[in-house]
Each structure stands twice: as C-alpha cells, then as structure tokens.
Amino acid sequence: MAAHSDSGRTTEQIVSQFLSKALHAILAARIPYIHGPTPPPSRHPRKRDRWFHLALGDPPPALEHPSGLIPNGVMEPLVVDILLSPRDDPTMPEAIVERWVAQCEAPAPWSPLHSPAETSSNSFLVKRTYKKSIILLRSIYSVLRLLPAQRVFKMLCASNQSYNHDLTYRVSSFAEPFSRKEEAEFQYHCFAPVETQSGQLAVSVQYRPSLSQFNLEISSLLPPMLITDYVGSPAADPMRAFPSSPSERAGTRSSTSFPLRGSQHGQPSTSAPASAPVFFNRPHSWTGGPSEVPSNRAQHPNHPPTGSYRKPAFNFDEFKFSPPFYMSPTPSPPKFSGSYMQSPLRSETAPVSIPQPGSSKVKVLRSPNLSDPTRNFLPPPSPRSARTTDPSSQDSDSRSFRRPDGLRTSDGYSNMYGTPKGLKDGRDDSGRFSLSGSPRFTFSRSSSRISVPDDLDDPDFSYPFAVDDVDSSDSQARSNDGKEVSDFGHASSSHKSQDAAVGVLVHMLRTAAPLRDSTYSSQSSKSELQEEGLGSTSSFFMSRKASDALEELQSYKSIKEMLLSQSKGKLH
Amino acid sequence: MNCEVCELKELVVEQFEIREVLRCILHTIIFHRALGLVRPRDINCELFELTYVQCGVPEVEKEIEEKITEFISKISKHPNRRSHQVCLSFYETKDKQPAWFSSKTERVYWERWFINLQITNQRVNMKPNQTKVGFDPGEKLSSLEEKKLHRTALEASIRENLFQIIKFVNEKMDHLPHIPPNAEGISYPYEITILSSSESSLDMLKRMLQTGHQTTLS
Numbered sequence: 001m002a003a004h005s006d007s008g009r010t011t012e013q014i015v016s017q018f019l020s021k022a023l024h025a026i027l028a029a030r031i032p033y034i035h036g037p038t039p040p041p042s043r044h045p046r047k048r049d050r051w052f053h054l055a056l057g058d059p060p061p062a063l064e065h066p067s068g069l070i071p072n073g074v075m076e077p078l079v080v081d082i083l084l085s086p087r088d089d090p091t092m093p094e095a096i097v098e099r100w101v102a103q104c105e106a107p108a109p110w111s112p113l114h115s116p117a118e119t120s121s122n123s124f125l126v127k128r129t130y131k132k133s134i135i136l137l138r139s140i141y142s143v144l145r146l147l148p149a150q151r152v153f154k155m156l157c158a159s160n161q162s163y164n165h166d167l168t169y170r171v172s173s174f175a176e177p178f179s180r181k182e183e184a185e186f187q188y189h190c191f192a193p194v195e196t197q198s199g200q201l202a203v204s205v206q207y208r209p210s211l212s213q214f215n216l217e218i219s220s221l222l223p224p225m226l227i228t229d230y231v232g233s234p235a236a237d238p239m240r241a242f243p244s245s246p247s248e249r250a251g252t253r254s255s256t257s258f259p260l261r262g263s264q265h266g267q268p269s270t271s272a273p274a275s276a277p278v279f280f281n282r283p284h285s286w287t288g289g290p291s292e293v294p295s296n297r298a299q300h301p302n303h304p305p306t307g308s309y310r311k312p313a314f315n316f317d318e319f320k321f322s323p324p325f326y327m328s329p330t331p332s333p334p335k336f337s338g339s340y341m342q343s344p345l346r347s348e349t350a351p352v353s354i355p356q357p358g359s360s361k362v363k364v365l366r367s368p369n370l371s372d373p374t375r376n377f378l379p380p381p382s383p384r385s386a387r388t389t390d391p392s393s394q395d396s397d398s399r400s401f402r403r404p405d406g407l408r409t410s411d412g413y414s415n416m417y418g419t420p421k422g423l424k425d426g427r428d429d430s431g432r433f434s435l436s437g438s439p440r441f442t443f444s445r446s447s448s449r450i451s452v453p454d455d456l457d458d459p460d461f462s463y464p465f466a467v468d469d470v471d472s473s474d475s476q477a478r479s480n481d482g483k484e485v486s487d488f489g490h491a492s493s494s495h496k497s498q499d500a501a502v503g504v505l506v507h508m509l510r511t512a513a514p515l516r517d518s519t520y521s522s523q524s525s526k527s528e529l530q531e532e533g534l535g536s537t538s539s540f541f542m543s544r545k546a547s548d549a550l551e552e553l554q555s556y557k558s559i560k561e562m563l564l565s566q567s568k569g570k571l572h
Numbered sequence: 001m002n003c004e005v006c007e008l009k010e011l012v013v014e015q016f017e018i019r020e021v022l023r024c025i026l027h028t029i030i031f032h033r034a035l036g037l038v039r040p041r042d043i044n045c046e047l048f049e050l051t052y053v054q055c056g057v058p059e060v061e062k063e064i065e066e067k068i069t070e071f072i073s074k075i076s077k078h079p080n081r082r083s084h085q086v087c088l089s090f091y092e093t094k095d096k097q098p099a100w101f102s103s104k105t106e107r108v109y110w111e112r113w114f115i116n117l118q119i120t121n122q123r124v125n126m127k128p129n130q131t132k133v134g135f136d137p138g139e140k141l142s143s144l145e146e147k148k149l150h151r152t153a154l155e156a157s158i159r160e161n162l163f164q165i166i167k168f169v170n171e172k173m174d175h176l177p178h179i180p181p182n183a184e185g186i187s188y189p190y191e192i193t194i195l196s197s198s199e200s201s202l203d204m205l206k207r208m209l210q211t212g213h214q215t216t217l218s
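Line order of the protein sequences matches chains A and B.
If you use UniProt numbering, the first sequence corresponds to residues 1 to 572, in order.
If you use UniProt numbering, the second sequence corresponds to residues 1 to 218, in order.
Because the hints were derived from the structure by calculation, they are not lab data.
Ideal placement from N, C-alpha and C gives every residue a C-beta, glycine not left out.
Over 12 Å on every C-beta distance to chain A, these chain B residues come out as not near it, computed from the model:
1) Glu7
2) Val12
3) Arg19
4) Lys67
5) Ile72
6) Pro79
7) Ser83
8) Cys87
9) Tyr91
10) Thr93
11) Lys96
12) Ser142
13) Leu149
14) His150
With a Cα cut of at most 27 Å, we get these calculated DSSO-like pairs of lysine-lysine:
15) Lys147(B) <-> Lys74(B)
16) Lys154(A) <-> Lys148(B)
17) Lys545(A) <-> Lys560(A)
18) Lys127(A) <-> Lys167(B)
19) Lys167(B) <-> Lys67(B)
20) Lys167(B) <-> Lys154(A)
21) Lys9(B) <-> Lys148(B)
22) Lys127(A) <-> Lys94(B)
23) Lys147(B) <-> Lys77(B)
24) Lys77(B) <-> Lys67(B)
25) Lys9(B) <-> Lys147(B)
26) Lys570(A) <-> Lys560(A)
27) Lys154(A) <-> Lys147(B)
28) Lys67(B) <-> Lys94(B)
29) Lys557(A) <-> Lys570(A)
30) Lys104(B) <-> Lys94(B)
31) Lys127(A) <-> Lys172(B)
32) Lys172(B) <-> Lys9(B)
Bound-form chain B, shown alone (with noise of 0.2 Å):
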C-alpha cells in the first residue's frame, strides 16, 4: 500500500499562537479522515478570523490537546531551535509472522501529514534595551503593526493550508482502507508524532524504508 505524503507549507508562529494553530490543523486533517459518523462542531479560533471543523469526538479532542501540550513543552526546552515540526500518520494494523521479542502486529502507515512550524520570539523585532518605561510610542505603535501584519500573514497562511488540506483529501483517495461497517467517529487509527528539529520528515521516510516498522520518533 502506499503510504501519502503531504508536507504543509510552513507556519511561521509565536509561542502562544502554537495551540491554536495545530489545533486549526490537526482537528481539520483528522476531520476528513475520520469516516465514520460524526456530528461536526464549528469551532471559532480565538486568535485568528477563522471557523474550523472538529469531528465532535471526545476522545480526538483529548488526545490532540495532550499531544499540543506535549509539543509545547518540548519546544520550550529548546529555545534555540526554531523549526519544529509534528507528524501525524494513519496506519492500518496487520498481523505479521509471529518471531522471537517481535509483536504479532504491525502498524502500516498509509498517509502521514507534516505540520512545519518556525516558532519566533515575540520580542525579535524589539530593541535589546527597550523597556516599557521610556517606551517611545512610535516605536510601539510600529511593534503593534508588527504584530498585525504577522496576525494577518499567519491567518492567511492558515489558511491556505487548510486549503492544501482539503486539496489533498480530496484527490487522494484511492489509497484509503477500506471504512468499517458502522463506524463511529474514527474509522482509521492514527498517531501524532512530535519531530525532533534534528530530524526531517525526509530523515524520518528514509528510516521507515530501510525498517520497515513502525517507529516511534518522539
């Protein structure tokens, strides 16, 4: 089976704007992905001008806040590294030749979804030795433009990926298993992996070629 990739064109994101944007991005992938019966749920970003769908599962919404939570605290242990970036795969579970210290089951990935995220500091285009007092208000007025125009820039490049997102879901499909009978909500498995910035999504297909396990990156 093949297994598809997509490769999200990266977001260029501060600190507090990292949940909210996986959020729009995860919950929107997993969104067309899970086809089983769902009752959707608009929900309204709070930081940007934007309305995504979740797929109104309890359990998704958990397991990607837990996930986000995880990726946040990763990041800020590295502060020097600026690129990050999140995988998430759908895989199908196959039962394999029982061997010595091996499962009997094996996850085969069939599609898998990058989040490319450049995280920046908030005060990068601040002045080493600017303070709030004696703050010239020209200068912050500039600051606060700033910020707009990241605001307005990063909300255009959300979307656009929920767009590729949706692009892709929609010409992709023929190598989708096959959806079980009666699904409810979820109809694949998936995991959401948090990518070392070391490692590159390109370093990660390499591995599982030459494995061809399952492997665990985070």
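The following block holds chain A by itself, in its conformation from the complex (with noise of 0.2 Å):
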C-alpha cells in the first residue's frame, strides 16, 4: 500500500509518530521519574512537540528513536504492560495492571482504503487521518489519568516515602496472553479507530478495576537491619576504623528495602535477586551509598555485594526495563559526604597539636587524671549527653571522632538531604531512563540541592571542641571527678608527665572553641576561674555544682604547689 506525502507528512510517519508519541504519553503518565529526578525545564515547543499538536516535552532516551521502537514496521503492534512489581519481595510475581496496544491494522480486502485512490483524495485522507490522530492521543491522554492506575502513579512520585511496590513497564511487539483468571479481572476500553491509508489505528487498554489487592503501602524509611560500625553512640567502640576501601563497602552493602527490577536481559546476579538494585546513584542511598562514591559510606553495612550494583544493559529485544530508582523517599546523599565523612577521621588523627613541653603557663582547668592527659583537660561534659564513657577506653582520637548529633546516624542522613521534591527539582534536563550505567545517571546527587549544613562542606573543618566531644570527655570527667581529685592529691607523677599535661592542658583551654550550648551560664564558673587568677572558658564549669568545683579548685592548687616545689628543686 502506497503511503502518499502531503505537507511532508506520509501515513506511515503519522503512524509512526503517534505510536512513539503514544507511548510517550503512557510512560510519563504511569512510570514515575522516567526522566530522572528532575522534570525537564519547560520550553519552547520543539518539533516533536509540534506532532499531533501535542507538546509532551522531551521524551526518554529509548523513545527518541521511534523507528527502535517498531524495527518492523508501522504494521508491528505496540504493546506497553504496566506492571506493579513488590519491592520489598522479590519473590512475589509482579502483576500487569495495564496493557495498552496500539496497532494499524489492515484494512481488510473489501474497504475502500485496500486499493490506492486518487491523488487528491489521499491528501485529504492524510489530513483526515492526521486530525483524527490529534483526538485519538488526547483521548489516550485523557484516559490515562482516568484509570486506577493513575492514583498509585501519584502516589510513588509525590510521596517522599517509599511504598511497598515500584511501577515498571515492558514494551513489546506481542502479547502475551491472559490467562482467563486474569482476563476477568481485567475491564476493556477501546478507543475508536482512526482509518489511514495503511489500515485502522486502533488503540485500547485492559486496565484492573481496583488496585487495592496490592496492598500498596508505605515500606519503612530505615530498614531493620544492624549498624555494626556506628559510631555516634558513645557505647560504640571509637577506636574502630573507618572502612576505607571500596571493596569493604561493597561487601558490606545492602539492597535494603530497594531492590531494583535491575534484571537487565539476561545477566542474573549470582548473589542478589533479579530484582537487584542495578542504579548506583540511588538517591535515598544513606543506606547503602552510592556506587560510584563507595569510600564515602562508611555507616550502613548488610548491603548486597557489588554484583548487585552492575550497571544493567539497554536491550530493545525484550523490552522490559525499569524505571530510574529515585521513588524511595531519602535523597542522595551530597557529594561532598567525603569530605564530611573525612572530617572526623582527620579530626580523629589530629584532634589536638600538643604544644611544646616546658610552657610556662600553666592552666589547670581539670580534672587531673593524668593516665589521659589529653582527655582529661577536655571542658567538660554538657548537660545534655547522659552518655558515660569509660574515660580509660577512649582516648582524644574518639573524643574528636564523634561527630555532632545532626549528623551522626542514618537518620541524619535523611534528615540532611531533599525531599523527593527536591530530588525531581534535581532532574537533570537530558533525564534518562536507559539503564546503560552513563554518567548521566550520577545526576540524581550531583545535581540535587540539597541542603546541608555549611559546616560540613569545609573540608577543613574540624571540630576538636565540637559539644559531643565536649559531651562525652565531659560526662566521662564529672563522673570521675569525685574520685580523681582525691586520686590526684596523691598522686606524684614524673616531671615530664606533668608538664606536658600542663602544657596540653594550656594549650587546649586557649585554642578551645566556646561551647554552644544553651544550657550553659557563665556567671559561677568565670568567678571560680577568675579565683584561680587563669581566665578561661566559663561555660565549662557551668553545669557542675559548687562542691565539684571546689574540690577541682582545691586539686589544681595542690598541683601547682608540687609543680612549685619542683621547679624549685631543680634549680637548687
């Protein structure tokens, strides 16, 4: 059958185009974040747009070769399954919610369209069939939003939590048939045909009248699983390294509540189910981290092995893919979670430059437990950490370690970074939805906003005196102060233990930041200090009743009588 141009247009391009265009419609309107975790920036109509007058946007990488779509022809139908597949389950099958087939079936033997006609008519039935075509797609488009699929559609893009089932999609050329359980459950709905010069257009769609089988709900934001190397609870051991390389995070990663339908043509993990997380650039990957930055994760372990996080391959053959996995709700972590994550190993291993032995100034502020003669120079503890240490287990390196409490666990994580909102705001403009692993995917963390504490993107921040390190040296040191100062008095260490005690002490009461909080006033503890003649920081006597500091007082005096006596010997 002749296909006949008018205005450039033949009936197989319009045939064509609408069955690209209409599979445009479906995946934007039933596979959430198709074009990544940003919509594309509203513009001027392109051409594209301009078919069927009917301005989509820019369609998803697959869908911007239409003739990929259909390798055999206009007369190859087009068959799009919407399936809602269990993500927390991989075993359960998934379930076709929606098929729509489109097709230009033709015309039979008898129709005036089987035999060519003038040349006059067919410019007629070219726009006559291009007209149609406009209010086939609407409809299409009208429909779509009608059925219940739509309503979970809503759900996984507007939700910033992570629900219990993803939505996916398997483009084909046939249709696999139901079986006659799953055809009754299934309501038909046929759109009228639109005749062209190469047959009938014919569009329709079985949906599922109800969805509520399924059971979508909310999965949990934090799967359960143990953090074995936390290291915000005081309880933790701090002198447990950071795991640096990236095999150690890969081994220890998780598919957590997320696993992807990253069953990408033929190449099963061995170690994870098909339906393996695939993306690397997960953004709620506070979990696990991203792949592609794995020394930045150093919290989460029970994750997969990094087979699960192959980069899945792009095969039109069986048309089964799986949308970008930006539904879970946490963001991505920023990328700066390196230098973050770094900041407190490089605080850890240099928390304090202890100055040279021999300081004249001495400045005794402390509790005098010399067995840790950093630690115990530490302002002390906040009112707000309850935790208790064992002063004789942590040393300034854990001290400096702990992070502040924003930060410190998972929670944080998510706490810290956008909203799914902010995640499609963060879409890059060429979204994607091929899974062929391109940079193009890193998108959804490098080019999500989101908002961080400024602190935290100064690699060079550290926080020696950050308040849980005050925190927690501090707890340790009002737990310990009734029985070290009595300890001390009798203590006689050496000469240089003492004085470089001293002169630590010294040099961490004058570089020490002012603690923030709140809860501490300044008036008792700058009398006590101003007592002492040594002016310092008054807040960190604030919390402490008039007793303790007494007994400090008292200590420090001792200690400077035998620093006295001593010195005085030497020079005799």
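Starting from the two chains in their separate frames, assemble the complex, guided by the hints.
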C-alpha cells in the first residue's frame, strides 16, 4: 500500500510518530521519574512536540528514535504492559495492571482503503488521518488520568516515602495472552479506530478496575538492619576505623528495601535476586551509599555484594525496563559526603596540637587524671549528654571523632537530604530512563540541591571541641571528678608527664572554642576561674556543682604547689 | 453542517462542589476540542480522587472560571430551582448577506455539550430541628457516611461523564471543521452559556432550528 505525502507527512510517518508519542504519554503517566529526578524544564515546543499538537516535552532516551520501537514497521503492534512489582519481596510475581495495545491493522480487502485512491483524495485522507490522530492521542492522554493506576503513579511520585511496590513497564511487539482468570479481572476500553491508508489505527487498553488487592503501603524508611559500625553512640568502640576501600563497603552493602528491577536482559546476579538494585546513584543511598562513591559510606552494613550494582544494559529486544531508582523517599547524599566523612577522621587523627613542653603558663582547669593527659583536660561535659564512657578506653582520637548529633545517624542523613520534591527538582534536563549506566545517571546526586549544614562543606572543618566531644569527655570527667580529685592529691607523677599534661591543658584551654550549648551559664564558673586567676572559658564549669568546683580548685592548688616545689628543687 | 449534541448524564452536586465539577468537565471537553498546539496540564481535583487535563491556555482557564462564578451566582438567586444546565458550544463564524440591522457574520454551531447539574442542599438529610449542640453522635456519623457515599457516587458519575466525553469525541470527528494552520491552543471558537432551568436543551434546539441564528440564552 503506497504511502502518499502531504505537506511532508506520510501516513507511515503519522502512524510511526503516533505510536512513539502514545508510548511517551503512557510512560510519562505511569513510570515515576521517567526523565530522572528532575523534570525537564518547560521550554518552547520543539518540532517533536508539534506532532499531533501535543507538547509532551522531551521523551525518554529510548523513545528518541521511534524506529527503534517499531523495527518491523508500523504494522507491528505496540504492546505496553504496566506492571506493579513488589519491592521488598522479589519472590512475589509482578502483576500487569494495564496493557495498552496500539497497532495499525491492515484494512480488509473489501475496504475502500485497500485499493489505492487518487492523489487528491489521498491528501484528504492524510489530513483527516492526522486530525483524528490528534484527537485520539488526546483521548489516550485523558484516559491515562482516569484509570486506577494513575492513583498509584501519583502516590509513588508525590510521596517522599518508599512504597512496597514499584511501577515498571514492558514494551514488546506481542501481547502475552492472559489466562482466563486474569482476563476476568480486567476491564477493557477501546478507542474508536482512525482510518489510515495503511489500515485502521486502533488503540485499546485492558486495566484492572481496582488495585486494592496489592496492598500498596509505605515501606519503612529505615529498613531494619544492624549498623555494626555505628559511631555515634558512646557505647560504640571509638577505635573502630572506617572501612576505607570500596571493596569493603561493597561487601557490606545491602539492597535493603529497595530491590530494583535490575533484570537487565539475561544477566542475573548470582548473589542477588533478579530485582536487585542496579543503579548506583540511588538517591536514598543513606543505607548503602552510591556505588560510584563507595569510599564515602561506612555507616551501613548488610548491603549486597557489588555484583548487585552492576550497570544494566539496555536491550530493546526484551523491552523490559525498570525506571530509574528514584521512587524511594530519601534522597541521595550530597557529593561532599566524602569530605564530611573524612573530617571526623581528620580530626580523629589530629585533634589537638600538643604544645612544646616547658610551657610556663599552666592552666589547669580540669580533673587531673593524668592517665590520659589530653582527654582529661577537655572541658566538662554538657548537661544534655547523658552518656558515660569508660575513660580508660577513650582517647582524644575517639573524642574528636564523634560527629555532631544531627549528622551522626542515618536519620541524620535523611534529614540532611532533600525530599523527593527536591529530588525531582534536581532532575537533569536531559533526564534519562535507559539503564546503560552512563554518567548521566549521576545527576540524582550531583544535581540535587540538598541543604546541608555549611560546616560540612568545609573540608577543613574540624571540631575538636565539638559539643558532643565536649559532652562525652565532660560526662566522663564529671563522673570521675570526685574520685580523681582525691586520687590526684596522692599522685606523684614524673616531671615530664606533669609538664606535658599542663602544657596540653594550657593549649587546649587557650584554643578551645566556646561551647554553643545554651544551657551553660557563665556566671558561677567565671567567678571560680577569676579566683584562680586563670580566666578561661567559663561555660565549661557551669553545670557543675559548687562542691565539685571547689574540689577541683583544691586539686589544682595542690598541683601548682607540687610543680612549684619541683621547679625549685631543680633550680637547686 | 450537522450540529452534534451531547447531553451528559446529570450530576447531583452540592453547592460547594459545583466549581470543581464544572472545571473538570469543561476543561476536559475543551482539551479534546482545542486542537491547536497545547501543552497539557494535569490537574488533581481537590474534592475528588480525579485528575483531569487542561489545555494550558490561560485565557481558557480565565473564561471558564468567570463562567462558573456567573453560574454559581445565578443559581444562588434561585435557590428553589434544583436543575441547572451549562452549555458549551463550538461554532464557526461565517459571512452572510449584509442586511439592515443585522450583523454581517453569523455563528454556525457545529457541536454543543449540555452539562446537567442538580444542586442539592447540604442539610437535605438532616432533621429540621437539629442543631450542633446536643447533636446525636450516631446521627452525625450517619450524616458523615451519607456525605461520603454522596462523594463517592459523585466521583463515579464524574468519571462516567468524562468517559462519555472521550467516547463522543472519538466517535464524532467528521463534523469537525478544518484545523487552522499553525493553530496554537484553541483551534475553534466556543462559548459557554448558562441555561435557565425553565428552558431545557430541547427547547433551545427548537429555537435554534426555528430562528437559524445565534441565540444568546444567558
């Protein structure tokens, strides 16, 4: 059947573009984040948008070349299955919730379209075909919004929470027939066909009238798992090092509650189910971190092996895709997470610069437990820290290693990062839906504008006297004050250790940042310090009782006298 | 040219639901008849679990809002009348023989949509002497249940109306005029009129056939 041109458009072109645009409309209305986390910005309609006078925006990459979708020509049907896949249970089968079928059926032999007509009428037919195709496409667009799956789509897109199901799709050129039982569960809607010179362009949809059977519900934001290397708790081993190599992290990652439809065409993972995650730029990667920056994550074990993060290959043959992994709630960690994670390590390794021994000015403000000279000369703990630590097991490294509360836990990550809305806003303009693993998938993190405390951006940020550090050390110091003061009165350490301890104390007190905790008051402690003539940050002593302060004062006096006596002895 | 008429199924609505219902239906019809280049917008109904599509033309949105406001003010003046009708018409402007005291152009309607609404009173199911104080919780619960049932039924009816619109626009295409080249947004002129409840669509059609002229019914 010859295709006749009219203003540059042929029937075959119209049908081909129609199928492409219909697929675009279906996927845009059913697959969350088909363009990526950021919707493409609205712009002046391009030539592609002008087809059928319906501007849908940039199509996903797979649809940029419609010929790829219909390799066998316009006469092959286009079957789009919309599937609801359980996320947490890969053993549960996915279910087709909608099946769209669009095809150009060859005309019957007795149809007037079967025989070639005159050129003038061909032009008229093409125009009429095009006009009707416009209306048909509008109808498809409207029906997509009226079917039950639209509600699921809205839930998955709009919510910043993770649901226990995913919407995925499958495009093929044949429709696997439903069983009788399945057929009975579906309702059928058929659009009026559009006559073309190539046949009748017919579109129909089978859909489930109700999706309540799938129990779509919110899955937990934080999957239940044991974080063995959690460093935020004072009960954690402060000396535990972060895993530094990617292999270590990959070995401890888990798919958690986000098993992706990563089944990319005959490459099942041996260590992960077919629906294992395949995207490395998972926005909610607080659980496992992005695979392309594995060194940044050390907080979350129990992740699947690296194999589950393989980058899937795009294959038109199977036409089975899963959407980008952006449906889950928590966004990706910021790029500087590495620096953030590194800063406590840096402070851990060099929290305080030990001054040169022989420092004349001695500022002894703390309990003189000289077993750990650096630790014991830190300011007293903050009242909000109820944690107590074993002083003997801690040192300055662990103390300064602790991060502020807001950043300590994985919840802190989720608090730090933007919501899915922000995630959506961060979509790359060239949003992609292919799973080729190209760098463009990194946009979920790199392009997302997530608000994070400014201090974390600073690679040089170090907080040796961060509140928590102060808290932890203060808490232990407070708990040990009574005991240590009495012990110190009887201590007779060597000259060097005493000098070093004093020097450290002096330096720390001089360089200590003021505490930000508002519960501290400066009144009583200032008076004590002035008595001693030391003039230090007064807030360190606010929370302590007067008796404790008095005891400490006495201990300092004794230290002073001892030092003076020792120095006199040296001179003589 | 034939004038295709589509009479939509009557919707039973409460006063506060009128705007949302009319928006949904009018925008859906216009979206299927604005055959110029449009950038569609999805609108989620506030009162119903429905999403409809607007053609994204600001002038259309403005005109629809104005007409809905006009409709609401009219029905408020006639609280006893329950049935009301809104008519959305598409027409062509054609030149005619100039004559004394008549315009040179005439409107030839090729499609009309009749949206039928029955306005209910919110307290129609409550007892006359019921007040908030001393309200029986059981009756309040039943009232809430009735409202919920009403809302569900209305949502289903609206959905049915929308499918009716889609079915009609798909089946009836031959009467559509030629789309102007490079049309942006609205391709065919239209008008929204509010029919008085005393005049039905049939009466209006009769008048049209008799006069053969544009009839302004508002």
